[in-house]
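Q: As given, the protein sequences belong to chains V and S, one line each in that order.
Residue numbers for the first sequence follow the working numbering, beginning at 1 and rising by one.
Residue numbers for the second sequence follow the working numbering, beginning at 1001 and rising by one.
Hints were generated in silico from the structure; no laboratory data involved.
Glycine residues also receive a C-beta, built at the ideal position from the N, C-alpha and C atoms.
The hints are all genuine.
Only some residues are given here: those of chain V computed to face chain S with a beta carbon under 7 Å:
1. Tyr46
2. Ser48
3. Phe128
4. Val219
5. Pro221
6. Glu224
7. Asn232
8. Lys235
9. Asp237
10. Leu238
Capping the alpha-carbon separation at 30 Å, the derived lysine-lysine pairs in DSSO-like fashion look like this:
11. Lys1315/S <-> Lys235/V
12. Lys1332/S <-> Lys1114/S
13. Lys1164/S <-> Lys1203/S
14. Lys1110/S <-> Lys1332/S
15. Lys1155/S <-> Lys1209/S
16. Lys1155/S <-> Lys1307/S
17. Lys235/V <-> Lys1110/S
18. Lys1322/S <-> Lys1130/S
19. Lys1060/S <-> Lys70/V
20. Lys1332/S <-> Lys235/V
21. Lys1193/S <-> Lys1203/S
22. Lys235/V <-> Lys1130/S
23. Lys1045/S <-> Lys235/V
24. Lys1291/S <-> Lys235/V
25. Lys1158/S <-> Lys235/V
26. Lys70/V <-> Lys1045/S
27. Lys61/V <-> Lys1045/S
28. Lys1051/S <-> Lys70/V
29. Lys1155/S <-> Lys1203/S
30. Lys1209/S <-> Lys1338/S
31. Lys1304/S <-> Lys1332/S
32. Lys235/V <-> Lys1311/S
33. Lys1315/S <-> Lys1149/S
34. Lys235/V <-> Lys1347/S
35. Lys1045/S <-> Lys1304/S
36. Lys1291/S <-> Lys1311/S
37. Lys1322/S <-> Lys235/V
38. Lys1322/S <-> Lys1158/S
39. Lys1291/S <-> Lys61/V
40. Lys1158/S <-> Lys1315/S
The primary structure of each chain is shown beneath.
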Amino acid sequence: MSAPPPNRHPLDAGHAAYLALNGALLFFLLAPIVVVVVFALNPTPYISFPPVGVTLRWFDKFFAGADFMKALWLSLWTASCVLVLSIAIGGGCALALARGNLPGRGWLTAFFMSPLMLPAILTGLALFQSYLLAGIGRPVWGLILAHTLIAVPYVLRTTLAVLYNFDRRIEEAAAVLGASPARVFFEVTLPLIRPGVFAGGVFAFIVSFDQFPVSLFLVVPNGETLPVVLFNYMKFDLDGAIAAASMISILLALSVVLVLEKLIGLKAYVKL
Amino acid sequence: MSLHSISRRNALRTAAGFAVASLVGAPAILHAQTRTLKITTWGGKWGDIMKTSVLPAFEKEFKCTVQADQAFPFVPKLQASPRNDPLYDVLHTNSNEQWNSLTEGLVMPKITAKEVPNIADVYSYAVSDKIVGVSIFTSAIGLGYRTDKGLAPPKSWKDLANSKLAGVRGGYVIPVNSLGQAHFMMLGMVYGKGLTDLDAAYKALEALKPIKLVDFTGQMEKMLLSGEVSMGVIHDSGIYRYDGQNQPVDFAIPSEGVLALEQVLNVTPGSKVKDLAFSYIDYMLRPDVQKLLAEGVWYSPSNKKVKLDTKYDAKLFTSEAKVAQLIQPDWKWYNARKDDIDARVTKILRG
Chain V
1 MSAPPPNRHP LDAGHAAYLA LNGALLFFLL APIVVVVVFA LNPTPYISFP PVGVTLRWFD
61 KFFAGADFMK ALWLSLWTAS CVLVLSIAIG GGCALALARG NLPGRGWLTA FFMSPLMLPA
121 ILTGLALFQS YLLAGIGRPV WGLILAHTLI AVPYVLRTTL AVLYNFDRRI EEAAAVLGAS
181 PARVFFEVTL PLIRPGVFAG GVFAFIVSFD QFPVSLFLVV PNGETLPVVL FNYMKFDLDG
241 AIAAASMISI LLALSVVLVL EKLIGLKAYV KL
Chain S
1001 MSLHSISRRN ALRTAAGFAV ASLVGAPAIL HAQTRTLKIT TWGGKWGDIM KTSVLPAFEK
1061 EFKCTVQADQ AFPFVPKLQA SPRNDPLYDV LHTNSNEQWN SLTEGLVMPK ITAKEVPNIA
1121 DVYSYAVSDK IVGVSIFTSA IGLGYRTDKG LAPPKSWKDL ANSKLAGVRG GYVIPVNSLG
1181 QAHFMMLGMV YGKGLTDLDA AYKALEALKP IKLVDFTGQM EKMLLSGEVS MGVIHDSGIY
1241 RYDGQNQPVD FAIPSEGVLA LEQVLNVTPG SKVKDLAFSY IDYMLRPDVQ KLLAEGVWYS
1301 PSNKKVKLDT KYDAKLFTSE AKVAQLIQPD WKWYNARKDD IDARVTKILR G
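Required output: the full structure, derived from the provided sequences and hints.
A: Shown next as structure tokens:
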């Protein structure tokens, strides 16, 4: 009796096309990052290919720039606040929508998702006008609230996805065994929806950290976020410091994803 | 306890109370007296000089605080703020945006020597009928080129159309860049009847294809430095700022003249500190402040009394004869037609 054939896909035309498409997509997604890396490490103050050497001077310039550092910390602070707020608000809304038997649930979901449908630049402009008319100026908490408005739908959507795929019999079993509603929530519901909530939180953090159109109208002099500072810098000094800043942003976003993955295991959510 | 001792104690208490109150209240009173001037200003080297030297000295002299916004877009933010409590007291933009702002009633139509005494010393272009407010500096839009590509220094704007420059000439995305818009008008003048000859400009623009287009002047500088562009439309300071850095680039003044890229200051009608706003403009026109900024960023000062060091004086527009080469576009006319022009040039450059 001969051995069973190995479990391999024959390299037919369809499979080759599939691989080529995937390769092309990966290239499309990663090529800009490669350009950024080359620009950040190249000594010339402009994009040149092939690179003429390797330098860290643009990173030096970025970290030595008081404006860059102030903006970086403001962006990190804002994104961290947005992460917490959007998890609290988005997670709470998702629970209410999925479990609350609320009338007009579809409409409410659409309402909470609506900030994603409006062009962010208009959201920024509208909030800017509202803040000025209300006489509160442009405080940092106003910027954080604006970012939260944009970020909440991400948490809402990912948490709702988990809640709709949730086996409610587990909660019922806990209740039948005598657990109070609070205990059921904290010991059964929350651990199960956590990956969805935190996956949304990661999106919220990144959306806030990279937020440009909304911030454009809401930042104040000497209180600009990193994307706004980079945009203005680019108008006058287009050099490798921009690429260095972009690399730092990419690494920070990646770090947040990796830390959360380590802490709460986002893979679990991916499997859902 | 005697009446005398009580009264002395009371007196001491009262005195101590006043002392504490004055210590606690002093910063608040001082703060209340400190006025804030809200301005817009550029970033880059200009912004560095402003932040480190110019504004601190102004704040000290006028006992005020200056809030300088470097984050674009200035005019939309001003538009969206209440007219009676505008976001800015002084608006610093190029001339085209000042005209737009005037149409919206966001800035004052004219500033005179009565409000800003140093205006008496400026070149006439700085307060001409093509200017809303006052131009404190100008740079000259001409042609930047590589000196290592075997190109003869350009003598005319027509040299940009040289067939050898196909694909290595540089221009701007006209709808979003005022240098691009000014160059477009210049095409009308060079190839047609004048700056307002749109048909000639459209035709000449078509002939410049293939052309590399950028959004910002900073990008054009880098394209020239990298050699991606051999000749491009740029303002003189965008080239001169690399003076002494051994870069193979230079700036040429075409025989037809250069276009003025004015740095204009103006006051918002609703400003609550108008006197301070005028003082700031006057301060920016002082010869010492003008010299500091002119030599820092290679802008030509508007004040005739400014004496620049030789190397700057040789290149910048610092005499009546040199200033006569500046051509000021009619931005009011252009802005009124901007939408149509944008649509047409986009179609031309896309096709």
